[in-house]
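*Asks:* Following the hints, put chains S and C with the ligands in place on chain D, whose structure we already have.
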Amino acid sequence: MARIQIDGQFYSVPEGNNVLSTCLSLGLDLPYFCWHPAMGSAGACRQCAIIQYKDEEDTRGRLVMACMTPVTDNLRISLNAEQARQFRRDNIELLMTNHPHDCPVCEEGGECHLQDMTHMTGHNLRRYRGRKRTHNNQNLGPFINHEMNRCIACYRCTRFYNEYAGCDDLQVFGIHNNVYFGRFEDGALESEFSGNLVEVCPTGVFTDKTFSAHFTRKWDLQTAPSICVHCSLGCNISPGERYGELRRIVNRYNGDVNGYFLCDRGRFGYDFVNSSKRIQHPRIKQRNACIQTAKEHFHQLLTRAKRTIGIGSPRATLEANFALRSLVGETNFFSGIEDTEYQLLQTVSQIIRDGGIHSPSMREVEQADALLILGEDVTHSAPRLALSLRQAARNVSIELAASALHVPSWQNAAVREIEKQALTPVFIASIGRTRLDDIALDTYHGSPDYLANFGFAIAHYLDSSAPEANALDADENKLAHTIAAALKQAKRPLIVSGTSCSSLAVIQAAYNIAKALPSPNRQLTFSLPECNSLGLALMAGNDLQQAFTAIEQGQADTVVILENDLYRRAEKQKVDAFLETAEQLVVIDSLKNPTTEKADLLLPAASFAESEGTLVNNEGRAQRYFPVYPAPDSICASWQWLLGTMENSSWQHHDDLTTACAQAFPDLTAITQVAPGADYRVKGSKIPRQPHRYSGRTALHANIDVSEPGQPTDSETPFAYSMEGNMAQVPPALLPVVWSPGWDSNQAINKFQEETGGHLREGDAGIRLFEVSGTLAWFNGIPKPYISEPGVWEVMALPHIFGSEELSLQSPAIAQRLATVCALMNPLDAEQAGIDNGDCVIISDLSGASLLTTVIQIDTNLSSAGLLCITAGHPKFQALKMGMQVTLRKFNSDSEVGS
Amino acid sequence: MKQTAEKSTSEDLTALEIQEINAIINHYEDHTSVAIEALNIVQKHRRWISDSTLKAVADFLQISLAHLESVATFDNLIYRQPVGNTVIHYCNSVTCWMLGSEQIREHLCQRLHVEPGETSADGQYTILPIVCLGACHRAPAALVGDELKIDLNTDAIDEILKR
Amino acid sequence: MDKPLTQNIHPDHDFTSLADYQKTGGYRGMRKALTELQPHEVTQQIKDSGLRGRGGAGFSTGLKWSLVPQKTSDLPDFQQTRYFVANADEMEPGAFKDRLLLEQDPHQLIEGIIIGAYAIQANIAYIFMRGEYRLAAKRVTYALQEARAQGYLGEHILGSDFNLEIYLHTSAGRYICGEETALLNALEGKRSTPRARPPHAVASGLWGRPTVVNNVETLCNVGHIIHYGIDWYHSLGLGADHGTKLFGVSGRVKHPGLWELPMGTPIREIVEEYAGGMLDGYQLRGFLPGGASTDFLLPEHLDVRMDYDAVAEAGSRLGTGTLIILDDKTCPVKMVLNMEQFFAQESCGWCTPCRDGLPWTVTLLQDIIAGQGRMEDLDTLAGLTRMLGPGHTFCALAPGAMEPLQSALKFFREDFERYIVGNNDELEYA
Ligand SMILES: Cc1cc2nc3c(=O)[nH]c(=O)nc-3n(C[C@H](O)[C@H](O)[C@H](O)COP(=O)(O)O)c2cc1C
Ligand code: SF4
Ligand code: FES
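First to last, the sequence lines map onto chains D, S and C. Numbering follows my numbering, in which position 167 of the first sequence is assigned residue number 167; successive positions increment by one, without gaps. Numbering follows my numbering, in which position 70 of the second sequence is assigned residue number 70; successive positions increment by one, without gaps. Numbering follows my numbering, in which position 79 of the third sequence is assigned residue number 79; successive positions increment by one, without gaps.
Calculated from the structure, these hints are not laboratory results.
Per label pair, the in silico range of CB-to-CB distance:
#	chain 1	residue 1	chain 2	residue 2	range
1	C	410	S	103	27 to 33 Å
2	S	45	C	235	50 to 56 Å
3	C	40	D	474	44 to 50 Å
All C-beta atoms in this analysis are idealised placements derived from N, C-alpha and C, irrespective of residue type, glycine included.
One chain only, chain D, in its complex shape (with noise of 0.2 Å):
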């Protein structure tokens, strides 16, 4: 600890980091706008300067940047002295010579970082007389609007696009003050975080497109916590809504799950809870149907059936699944996932609660020194993930840098520079390339079963003990000597898989060579399908085939189904003749699929942005997310319709849900605490979710009625649908988005965090169920290399960020750049098929029944022989399953005539 002195004041701070962050953390005002705490220095606006002391004599002192200042012991500084304010404000002039005046039709009006700080160092007249430069704006693609203009070259979108994200297509131009911040020409970024060029940029260059088309201040947005629902991660959202309709997502600081980013999933999906596909009204047999006429319907059916089974969701929370199971009962609740992936999730689930390995948060990904991704593309699977992978990748450079150069890390260049020369340990095995292949100091392809041995393999070369895996080639033998002596020399080695592969053996793998690591720190994680997926896993229930027999074979006439669209889980025929046998089917659902178009009686359920619930993300952390508006009168949150229609239940409450499924399942005991109840008061009030200057509350629909409706309430969460309360004692992890007096931006996180960048004071949302304890025995499925049939071409779905996922799809942002549509084959295997990268196939099972046709791109680092790769959960492909083997010929205009 360092003895520092502020304008007078005595601290006791940490020794090292750079004095700008320090104070800031000390809760003083200092502006800045090119650092960042996640990009540290860069030392470009010199906005954030102060005077420095040598000593106690000296009494005129030294102007410096904070940012660039080290915090040493005795350090004498002075944020106050006349000469540092007439800097900073003289600096925001200059910022503002070019800068337009257009803040009323500016998006970023009301959360601008520039008015921030402009108000706060005081700059309020203009003296400069000249012209001011003006550029053409670029179309950057669906997510991102671009208005050069107010670029005050902060340099922080092309530091985070380039350095922290690494993607290249966002460069500066140019040079003086016509630097120019943009694409080499028109085009969507490439960068599947682009989005958050939209909270990085301090003014209004970048701002969310999709938000446009409904804009709406900050201010005049009614907000709460929530949770993306879009991949197993579980980043923290803060969803804003105006007029009944989803309006943007923006990131919610979490400390240890997403910390300031967010990907374009994430933030762009949103929109497919204002899509038309919305389910408003309950239907009886396609009809609709008021509330209680359903209510009523849906508690017949269950009294007259025969035997009710229940099908749960791993897009549901922990809630509404308990609600069913507990509805139908245990033994007839069914998880809803298909066999492999049921058997892989209560694999993954039995490794975090027994395997003795820690899995990391995401902030603790990015300590690692040395990491292998087994058989995951991250950035597809678990995005944001791979941001914080991309980070990780920085360390031994980060540690030579300090250790060399005594140079700290937030002296980002200087560190960057000798990236190059140190390379953090990196290797990924997979199926083909992957986004994080440029971090990546080798790579291995293959099918999962040669992932899976190869993985055997390190482990047993890192620990004999380990079982031996089939004899690998010589190259690959070096490779494997080679990943598991880097893994064995870190100190916090990462271990990072999943279920992208659909292979056992795999996750095994990675089990196995996690374990086999001689460092205490070691680390393992695994990427999961959806965002519950966990949560369900650990609830256990059958998996769907068990559920189909159950129905074929008469044991049960009645289904409920709960927020699954069984289409995308199994095969069309079986879902067909499932739905088609069983008397009754019910469906609770939010979007129309093919699943609710079955549905006898179908009840429309709330978003995540309209309930509440709690959901395990893929590191066994409990997160809740809670309503941000209320749901349409007919529409209900899933567990209220099934809580409404259990008999002589004691369950009134969504609270009462959350105790009874923590005193159903050991692991979950602690959900109880992972935020607090609905009888929560902050001196006496609940939680505003609306801001203070939320305009026009009681006037809002004034066009449709006059009369001043009361504030909905909200006897479900510790929020109220209102600006009235006491915001300033709220804990910052319950904060529906951030504020704070002069910081109306999101930058005013820095008042709510224990230091900068660091955890939430209080604590950051969620509560983590696992820590590490027992142990596995070794694993030891090693796989049969699978050999292809020539002729025979085995499915391979690899998820894709904007084509995978089920509801972001419903997103027209998202579907603007839904995957080409292409499956991709191996350069050898094309070959001796005849088919020539663009050919179109067509692909039948091997009962010679064609699926459906698509173009065959040619992939190089494919290498495994026999794997045809599509993108997973993309509609069009709807018709191949993972595994499915099938066949392919050639399209033929001509021959097609026929046939």
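*Replies:* Just chains S and C with the ligands, lined up with the frame of chain D:
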């Protein structure tokens, strides 16, 4: 960092250009560093760098096109627009300015019917300002093609343009 | 021998070949260094000679070399490779000294690089040359070939175990590329914005390796110092600084030109004797002693000696040692405008005060000259000179840009005011 093995098509560059770039490519630790010299080489052969030329160089070096453009637009001597056979860079820095660079510019522009930055109708000359050419003791100065011209006056300009 | 740097440069022949160079003792310094001296002894001699950088900042050359970490086994791998760079980017308005050395006696530079590279144990050196120096590039290329053919470059130079390659890198041009750390970025094919220090280039420079950057003229001294010795070198200076320096004069003097003279030669001698005094009909109004980024001095400063400390004491900087003369028929306000336009245009665009402050400076000066200035504009300009002062910006470009402006505001304030009050009839500027 390991570069992903993207197959590049560089048929746009001539064999000679490739040969010249290859001759210096090992002078540096990585391909990015070759960017400016490679552009210099290609520009020597083509006078200016068109979008497709820029792409060809980026492909050949396997570096990002946008990054290459970022550097090319920072620098002064990479012409991203067509120029004439000979570029006349007249110095407009302080001593030359004091000793008549404005007259030099006016005379050039008048003779060629162009403004600075433009190319004469016959495609012979492009007129561009340049910073101090290190010939202040023989001001005003200009770089005409590859040749430094000093002690300029309107007669000297006429002489240059006559050739 | 009192003109070591230019002894081979004569009006009648314009290129010194290897043979010519060796005739006057060329490469003997290198021979001595490589065969008789340990690297650290070379560094020590340069340090003891008192040689200070001729690129403008005047940093001790030997000290800079000594800051490169010694090669030891516990040094991390990435620090085992080091680079030596000659800064031949000369682009300071008013400076025309390095071009002469490059075009006319390139071996002198090559010898200096070899010695410097040996001293810091670099095996690769670059000559970073501005793109406009076409003739210099040709001659340096030729000289490098000669040196290579002679075995002065390549492996086992002079039978020692020292290897060196020197590569010529031609820049595509920007004034900022001459700034040491921006130069390194330019060499790496990045945008030529400067780097933050620490780390200094000597610890982490090109591609993160220890790197020394020296000016061309600085390096041209090195061979002679090693060959003729420190005492000889000390005997050359007239004041506190040692050796000779290329001094130049441009503007309305009778004989503008460049001369090698002892460090510490009085300005009057340079202007009146060597440059022959003012052209007939012109009076000396002031001068910039070392290029466009130095403060104006006045005729009353003519007796100041041209060395680092003396010029600094007078309120300016030695800079490049090339004087720009302001005569009485040239408007100082317009002259300053010309220079500020240069600096605004050459700002790399990285930091706010420089990027946005210089263009504002330019529009204020333009307004003033166009008769649309206001008295308070002078305060704004003065405020900008403070705002863009040393330590306030990311590199030294903007503070350099402010030097002529701040001194002009001090010395020629009436010229600014006359434009503003609209009574400049009495001005007779050309
Ligand atoms: C804006 C700017 C431009 C510069 N241009 C040059 C240059 O063209 N040549 C040069 O030798 N030094 C130049 N310098 C100085 C260099 O940064 C550096 O100090 C010098 O090359 C070191 O060499 P020396 O120690 O031998 O003088 C410049 C500095 C600044 C701030
Ligand atoms: S560079 Fe700038 S903002 Fe930026 S933090 Fe520092 S000086 Fe400060
Ligand atoms: S001012 Fe023109 S060559 Fe120097």
